[in-house]
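Q: Chain residues, written in single-letter form:
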Amino acid sequence: DAKTTQPTSMDCAEGRAANLPCNHSTISGNEYVYWYRQIHSQGPQYIIHGLKNNETNEMASLIITEDRKSSTLILPHATLRDTAVYYCIVRVATYSGYALNFGKGTSLLVTP
Amino acid sequence: NAGVMQNPRHLVRRRGQEARLRCSPMKGHSHVYWYRQLPEEGLKFMVYLQKENIIDESGMPKERFSAEFPKEGPSILRIQQVVRGDSAAYFCASSPDSSGNEQFFGPGTRLTVL
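Protein chains in written order, with the working numbering: chain A, 3 to 114; chain B, 71 to 184.
A couple of the hints might just be wrong.
Using 20 Å as the maximum straight-line C-alpha spacing, the simulated DMTMM-like pairs for lysine to aspartate or glutamate come out as follows [to be verified]:
hint	chain 1	residue 1	chain 2	residue 2
1	A	106	B	111
2	B	121	B	142
3	A	54	A	84
4	B	97	B	156
5	B	121	B	156
6	B	132	B	88
7	B	114	B	142
8	B	141	B	156
9	A	54	B	156
10	A	106	B	167
11	A	5	B	156
The hints are simulated quantities; they were obtained by calculation from the structure and are not laboratory data.
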């Protein structure tokens, strides 16, 4: 699976959009981009995933650049409960249920 | 629909003892993953199981660690002769199919080895 690079930490004011970048310059054509988050001491929570088209769900939007070398997770209106570590993961989505390889992620702090 | 359940939530063992961690997947899920998280680190994959089968154990330490997912009952991660370096949070996740696209995680078991 391709390696990802994320900033160690970011701050965001409550109510503003949080834009979390991820660099995956070695991504290959059959690899998807996944985002999970881990709120302190809890199990990770799935947010969103995509291949090349932008994706949106009730939690967030995922913007993937045309060359797929980077992506941005957008939380449109951050709340204090969005404070967490956010993990960008790249892997092949084959029907063999393979593992997620979590790096160190970005620690997002949402402030009042 | 209850989420992934893990027990115990906290487990304390002395060096040399055995640790048994249990994971009950979400209803209808037959695919289970175990991950370990050392302090200040990201999660590391250990093993992927389907009912009665180990599919991928590439992340499991070669000795002392084993996992099973029997036809009936929870998945078990077993650590024999624990050492201090086994102290970590162990998370279980489940998914409804083999794509693993969306894995639902449990609250974790925090193992402390004295």
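Q: Look at each hint and say if it fits the structure.
A: A quick look at each hint next to the structure:
The hinted pair formed by residue 106(A) and residue 111(B) meets the criterion: a straight-line CA distance of about 6 Å does not exceed 20 Å. Between the alpha carbons of residue 121(B) and residue 142(B) the distance comes to roughly 9 Å, so the proposed pair stays at or under 20 Å and holds. About 25 Å separates the Cα atoms of residue 54(A) and residue 84(A), which puts this hinted pair outside 20 Å; it is violated. Restraint check for residue 97(B) and residue 156(B): not satisfied, since their Cα atoms lie roughly 30 Å apart, outside the 20 Å limit.
Between residue 121(B) and residue 156(B) the alpha-carbon distance is near 26 Å, which puts this suggested pair outside the 20 Å criterion. Using a Cα cut-off of 20 Å, the hinted pair residue 132(B) and residue 88(B) holds, with the two alpha carbons roughly 16 Å apart. This hinted pair does not check out: residue 114(B) and residue 142(B) have alpha carbons roughly 27 Å apart, beyond 20 Å. Between the alpha carbons of residue 141(B) and residue 156(B) the distance comes to roughly 28 Å, so the proposed pair goes past 20 Å and is violated.
Taken as a hint, the residue 54(A) and residue 156(B) pair is broken in the structure, with Cα atoms around 39 Å apart against an allowance of 20 Å. With a C-alpha separation of about 27 Å, the suggested pair residue 106(A) and residue 167(B) falls outside the 20 Å cut-off, and the hint is violated. Between residue 5(A) and residue 156(B) the CA atoms are separated by roughly 26 Å; this puts the pair beyond 20 Å, and the hint is violated.
Going through the hint list in order, the structure does not satisfy hints 3, 4, 5, 7, 8, 9, 10 and 11.
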